[in-house]
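S.K.: Chains U and V supply the protein sequences, listed in that same order.
For what it's worth, the numbering used here labels the leading residue of the first sequence as 42, then goes sequentially.
For what it's worth, the numbering used here labels the leading residue of the second sequence as 39, then goes sequentially.
In case anyone wonders, no lab produced these hints; they're calculated from the structure.
Treat the hints loosely; a few may be bogus.
Stated by the list, open to error - Per the computed footprint, the stretches of chain U lying under chain V, defined by three or more beta-carbons under 8 Å from a beta-carbon of chain V, are:
hint, segment
1, 108–120
2, 164–176
3, 191–201
Claimed, not checked - Some chain V residues flagged as far from chain U (calculated, every beta-carbon gap over 10 Å):
hint, residue
4, E56
5, L75
6, E126
7, Y141
8, E171
9, G173
10, L186
11, R188
12, G200
13, A223
14, V228
Ideal placement from N, C-alpha and C gives every residue a C-beta, glycine not left out.
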Amino acid sequence: MLPKLVDHTYDLFRSFDRASTVEDLNACLVRAVARFGVESTFAGVIPLPGIGRSAQAAHVLIDRTPQGWTDRYFRVGHLDRDPTIRRLTTDATPFLWSEIEPLYREDPAARRVMDEAGDFRLRQGFTVPLVTLDGRVAGFSFGAERLDLSPELRGMLHLIASYVFGRSLVLSHVADEGGGRPPVRLTPREREALQWAAAGKSEWEIGTLMAISEHGAEKHLRSVHRKLGAGSRTHAVAEALRRGLIT
Amino acid sequence: MIHIVTAENTARYADALEQAWRLRHRVFVEEKGWSDLARPDGREIDGFDDAHALHMLAIEAGTVVGYQRMLPTTRPYLLTEVLSELCEVEPPRSPHVWEWTRYAVERGHRDRGRILSPVGSALLTGIVEWGLESGVDAIVIEMNPLWLLRLVQLHFRVTPLGLPRPIAGEDTVAVSAAFDARTLARLRAVRGDDASVLSARPPRPLRLAS
């Protein structure tokens, strides 16, 4: 007999507790949900309307989505049309993306977001609305080409999303306060690469702008991720903005 | 201030408890629509409000503006008797674990938006201060899953006792949440106030056994 989902959830919570960086936590999360067919996870605080697109990207806390999707998402301004965002700011209960189809049936711009997501193997998904202690609304999404989630699994993902988001906030809070750790120093090239990344440029574009190879740009960014303990490009940008390393 | 009312000091709090029953009726029956609890006299009292229950009252200028009830898990409690479908594991039974129920904040003192209000955070701080003084280190909670993120942010170490299920139309999950001095430090930082919220030091030791 399979172990009960609640026992499995308990084991996962304790493994999340042991992760000492946001990066470790993300890796742990990705392993845990892959068992249930989840290919992508994405989470962040919902930005207030009207802020710039790179500032929007800085609200992302966890980004494990296929390469190119998040960059495109913020660059073309999908955030303002995304029906999952609209749904989670109006109703705090979790939902399958298939359940909100009526929300965008008559809205071509919203439908385009969902269709394009499908092109990035984000065809089916499940989103958990969250509210942080200071009242900010956040969203935590699980996606895949095909996602078959029983009500019990949805319940479990609901708990996992809440727990991991909380731990991420706690860990980045600890990182903020320094905890006696030395401040992060970026080399001028790393800072330049990250500044371009914050402007939504791809690795290829950054390479061209800095007159280096795409691989060289990737190397600088990887080093930045390591120094900032960031789990994704967007998280690195968010961290660097918060620490005043880029503008 | 949070006032702790037990069988020992009930007499001194007769008027405040009267207000608390009415607050519970307003919040749980009239607002949340838990019609099973409805009583013609407008006082929401049930079988768990016995000599073993510990009531915490948030009182401001003589008025009860917030309430919560703590029940020992060494006796039958809500999760084992009324909400057992939420518990898929062996329910906690320990003198160090109490159940947190009937959390209620008067409408005018409610969370702005969905944020934890000052009265709400005082009630929660009251549990942790009381627990640390009395040898209680975890609480059992049946709650909307939205609370989970808040608890993690406040340095509670949460253990799921079951998966979320709809109870009276609202998704509900049972957890136990352990706390320690870090939890108290975090709550005080959030409140921006290092002073104790309790009106008096809790009697020590509490009736932990029995």
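S.K.: Which numbered hints are broken by the structure, listed smallest first?
M.R.: Of the numbered hints, 1, 6, 10, 11, 12, 14 do not hold.
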